[in-house]
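Please put together the full structure from these sequences, using the hints given.
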Amino acid sequence: MTWSMPQSAAPLPPNRPTAPPGPLMLGDLFSSLFATYKAGWKLFLMLCLVPILLAFAAAVIIGFAVFAALAPVMGSILSSGRGFDPASVAVSLIGVSLLSIVVIFVVSLISYVYYCRIYIAAIDYATGREIPTWASLAARTQGLLGRLAQLVLIFAGVAIAVYFVLGFV
Numbered sequence: 001m002t003w004s005m006p007q008s009a010a011p012l013p014p015n016r017p018t019a020p021p022g023p024l025m026l027g028d029l030f031s032s033l034f035a036t037y038k039a040g041w042k043l044f045l046m047l048c049l050v051p052i053l054l055a056f057a058a059a060v061i062i063g064f065a066v067f068a069a070l071a072p073v074m075g076s077i078l079s080s081g082r083g084f085d086p087a088s089v090a091v092s093l094i095g096v097s098l099l100s101i102v103v104i105f106v107v108s109l110i111s112y113v114y115y116c117r118i119y120i121a122a123i124d125y126a127t128g129r130e131i132p133t134w135a136s137l138a139a140r141t142q143g144l145l146g147r148l149a150q151l152v153l154i155f156a157g158v159a160i161a162v163y164f165v166l167g168f169v
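The sequence shown begins at 1 in the numbering used here and counts up by one.
Simulated from the structure, these hints should not be mistaken for lab results.
A hint or two may mislead.
FRET-style restraints, in silico, Cβ to Cβ [what the hints assert, rightly or not]:
| # | residue 1 | residue 2 | range |
| --- | --- | --- | --- |
| 1 | R147 | S100 | 18 to 26 Å |
| 2 | S76 | F164 | 33 to 41 Å |
| 3 | Q150 | I94 | 22 to 30 Å |
| 4 | I61 | F164 | 24 to 32 Å |
| 5 | I94 | L153 | 18 to 26 Å |
All C-beta atoms, glycine included, are put in the ideal place defined by N, C-alpha and C.
The following block contains the structure:
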């Protein structure tokens, strides 16, 4: 008499899931969290570093822009001993503000894409799907940046419209 394991209809996952199936208790959540990040720590580290480095680069760009915009004004104040031209300061600050808004908008959108890649990778490791790679995550989030930009612009337009309506009321 031979005995064999019963075969289920569901295919086996490509890798070992880091989270147990079914309802999870608090201890299960923490142990699966650490197991997930341990399984793919290199990928998660690289995915987390991109938004951090982008935010640092944005801060440097905005800082240089503020310095470049206000340095001539400060130089004219120090050299002439008189006051400053409020119009030139206003134009400089408006230009720096617009640059800051654009830089922060772009950095935020790119960061959101990388956060989505982190979520997808965590779900893949936890459920035992294919082991995520940088290329597979990029392919799975292709087109997300454009959709996020449209969504943020719609919300920004609605917010500006609400502010104008409330301002007039």
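Verification of the hints:
1. R147 to S100: 18 to 26 Å: 24 Å, holds
2. S76 to F164: 33 to 41 Å: 36 Å, holds
3. Q150 to I94: 22 to 30 Å: Taking Cβ atoms as reference, Q150 and I94 lie about 26 Å apart, which means the hint holds.
4. I61 to F164: 24 to 32 Å: With Cβ atoms ~30 Å apart, the hint holds.
5. I94 to L153: 18 to 26 Å: Given range 18 to 26 Å: holds, Cβ gap about 21 Å.
No hint from the list above goes unmet by this structure.
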